[in-house]
Amino acid sequence: MKRLFILIELVLLIGLGYLLFVGMKAVPTIPQIKQIDLEYERESPNSDQKQSDQKPIVNAVSYCLKLEAIDLSDLPEVNQQLQRWRPSVQTQIVERYKDPRFLVYFGPLQTQTALKAFMKQFKQQGYAKAVPVFTGALSGGIVIDSFETEEEALKMHADMPNPMHGIRIVKQDDIPSDQVDVLVSGINEDQYLILKEVSEKTKKFSVNMCD
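Each number in the numbering used here corresponds to the 1-based position in the sequence shown with 1385 added.
These are computed hints drawn from the structure, not numbers from a lab.
Hints are not guaranteed to be accurate.
Stated by the list, open to error - Subject to a maximum C-alpha distance of 30 Å in a straight line, what follows is the list of computed DSS-like cross-link-like pairs (lysine-lysine): (1) K1483 - K1451; (2) K1501 - K1540; (3) K1514 - K1540; (4) K1588 - K1451.
Since the structure is predicted, the reported quantities are computational estimates derived from the model, not experimental observations.
With the hints as extra help, turn the sequences into a complete structure.
Here it is in structure tokens:
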């Protein structure tokens, strides 16, 4: 009888164990479900990050430009356009000078009376371009004529029938012109294209990179 009870208990234990085994196999445990959720959440941000990494990166490019040969009469209009881009864009006006001239010069004279007298004499001799000088290093003298080359000035001096003592050849540098250049720094690509378009349409200046 005792053996019969032991046998029955053994059969019940085996059956219970089988049921537990089948149940564990059919239903995922809680840690397994959490692991799947975390795995999905981990993949989603990474995929978004990969997509964002593939977007092109736009680098800010800054140019230094030289707007060349702007007539003084056009400078206010050009400056007005550049003023709109301040303070990121900075400008500097640079003088443009004419090519050097070689002057046939007489003087300086000590008095205004002498200056007027010699001016009258040169005009009577046929030097129609003779002009008095009232300012600068040559003040008080007379420029009889001016030339692009020294050879031309020397030839005129040599051809004068009765050259006066004191006539000499003077090289004149730094002669201001009626044009300026504008250096523009901090220009971005869009602004550069705008200036190029204005230059091509108006012909009021040329656009080049700074030296």
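Verification of the hints:
1. K1483 - K1451: Answer holds: K1483 to K1451 is near 18 Å, not above 30 Å.
2. K1501 - K1540: This hinted pair holds, its Cα atoms lying about 26 Å apart.
3. K1514 - K1540: holds (16 Å)
4. K1588 - K1451: holds (15 Å)
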